[in-house]
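There are 2 protein chains.
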Amino acid sequence: MTISMHQVSVAPFKAGLKSLDSILDKAKAWTETRKIDPNALLLARLAPDMYTLTRQVQAVTDQARNVARLAGVERPAYDDTEKTFDELKQRIAKTIAFLDTVTPEKTQGAEDKTIDVPLGKESIQMKGIDYLERLVAPNFYFHLTAAYSILRHNGLEIGKRDFLGMR
Amino acid sequence: MTISMHQVSVAPFKAGLKSLDSILDKAKAWTETRKIDPNALLLARLAPDMYTLTRQVQAVTDQARNVARLAGVERPAYDDTEKTFDELKQRIAKTIAFLDTVTPEKTQGAEDKTIDVPLGKESIQMKGIDYLERLVAPNFYFHLTAAYSILRHNGLEIGKRDFLGMR
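Protein chains in written order, with the working numbering: chain A, 1 to 167; chain B, 1001 to 1167.
Keep in mind that the hints were calculated from the coordinates and are not lab data.
Treat the hints with care, as some may be off.
[Claimed, not checked] Here are the simulated lysine-lysine pairs, BS3-like style, with alpha carbons at most 30 Å apart:
1. A:106 to A:26
2. A:26 to B:1083
3. A:113 to B:1083
4. A:14 to A:26
5. A:113 to B:1160
6. A:89 to B:1160
7. B:1083 to B:1106
8. B:1026 to B:1106
9. B:1035 to A:160
10. A:127 to B:1121
11. B:1028 to B:1018
12. B:1094 to B:1026
13. A:89 to A:28
14. B:1035 to B:1113
15. B:1026 to A:106
16. B:1094 to A:18
17. B:1113 to A:18
18. A:160 to B:1018
19. B:1094 to B:1160
20. A:106 to B:1127
21. B:1083 to B:1028
22. B:1127 to A:113
23. B:1113 to A:160
24. B:1121 to A:18
25. A:113 to B:1121
26. B:1094 to A:160
27. B:1083 to B:1035
28. B:1014 to A:113
29. A:14 to B:1160
30. B:1121 to B:1035
31. B:1035 to A:121
32. A:113 to A:26
33. B:1121 to A:26
34. A:28 to B:1113
35. A:121 to B:1018
36. A:121 to A:106
37. A:160 to B:1026
Model, not experiment: these values are computed from the prediction.
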């Protein structure tokens, strides 16, 4: 057997998105039980110039949909208008549905493909495998961990098992 | 070309460790310039039951040295005695030196190998690729992001480019 691009992109990203979805369920339930304003969490940040929880969740899905560039399919367009836990969960669901359309065949050989990566007004070229391993995957986990950490910092009782999606 | 285990484990982990090393340089320099007690950062946490910065850095290297299980070589033993930025940087350097001994040949085919993963007193068996993609890589980036976030939360002026190791 060899390693497929699907195994190192679509598969782990789907797992991470599912974990994030479950974590948001717990966060939402906690705001209801404790009568906490959902925005106290949704707009929370770890530093004044870091993203809010809402923006972190959006960023996780942004990285996941970057798989489109590897697959050579259209990258789904999102509006960044989410304001509630349910809307963020819908965005995650829509991203998982997109990933489900990216079959192993579609990313086959993408490791060698030259990818145009938008960087501000310019774009740089990267090999598929480097794009995934140096940019997309680190960024995916960065925003996933930041979302988790904002909630932990604010007192939500979740743990590493939630992050890893272990039941 | 096909994807090698080395490309999705040793290579990105080395890049992440180098980024972390540079981030610790900036943190150390900041404590010196501003006459901050280094322990104000080294013992900082994002939540009372999350790891300190010191422990997060140790955990990043712990995940990186898990590559030993994929390569079928001895996992380097560490003492977890680091108390300063310099000692943490030495631990990172030692981990990078270990990763440099793990040539692409040593992890070839590891995606299919059955790995014994210690889990408390028991151990579970996982396929090499799943061990990497579901446990080691997510954990590696989790602790790397947590270390970064602790420093950002405490006011260190670093950004995503530092996290990604872009110069």
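Exercise for the section: Would you check the hint for residue 1113 of chain B and residue 160 of chain A, treating anything up to 30 Å between C-alpha atoms as holding? Expected result: Measuring from Cα to Cα gives roughly 25 Å; hence the hint holds.
Problem - residue 89 of chain A paired with residue 28 of chain A [C-alpha distance capped at 30 Å] - result: holds, 10 Å
Practice task
Take the C-alpha atoms of residue 1035 of chain B and residue 160 of chain A, compute the straight-line distance between them, and say whether it is at most 30 Å.
Solution key: violated, 35 Å
Practice task
Given the hint that residue 1094 of chain B pairs with residue 18 of chain A, test it: the Cα-Cα distance must not exceed 30 Å.
Solution key: violated, 35 Å
Practice task
Could you grab the alpha-carbon distance between residue 14 of chain A and residue 26 of chain A and see if it respects the 30 Å cut-off?
Solution key: holds, 19 Å
Problem - Straight-line alpha-carbon gap residue 160 of chain A to residue 1026 of chain B, limit 30 Å - result: holds, 28 Å
Handout entry: Hint consistency between residue 1026 of chain B and residue 1106 of chain B [alpha-carbon to alpha-carbon, up to 30 Å]
Key = violated, 34 Å
Problem - Given pair status - residue 113 of chain A, residue 1014 of chain B, alpha carbons within 30 Å - result: With Cα atoms ~23 Å apart, residue 1014 of chain B and residue 113 of chain A stay inside 30 Å; holds.
Handout entry: Agreement of residue 1094 of chain B and residue 160 of chain A with the hint, judged by alpha carbon distance not exceeding 30 Å
Key = Since the Cα atoms of residue 1094 of chain B and residue 160 of chain A sit roughly 26 Å apart, the hinted pair holds (cutoff 30 Å).
Problem - Straight-line alpha-carbon gap residue 121 of chain A to residue 106 of chain A, limit 30 Å - result: holds, 28 Å
Practice task
Measure nothing beyond the straight line between the CA atoms of residue 1035 of chain B and residue 121 of chain A; if it is 30 Å or shorter, mark the hint as holding.
Solution key: It is violated: about 40 Å lies between the C-alpha atoms, which goes past 30 Å.
Practice task
For the pair we were handed, residue 1113 of chain B and residue 18 of chain A, check the Cα-Cα distance against 30 Å.
Solution key: holds, 26 Å
Checked against the numbered hints given earlier, this structure breaks hints 1, 2, 3, 7, 8, 9, 10, 14, 15, 16, 25, 30, 31, 32, 34; the rest are met.
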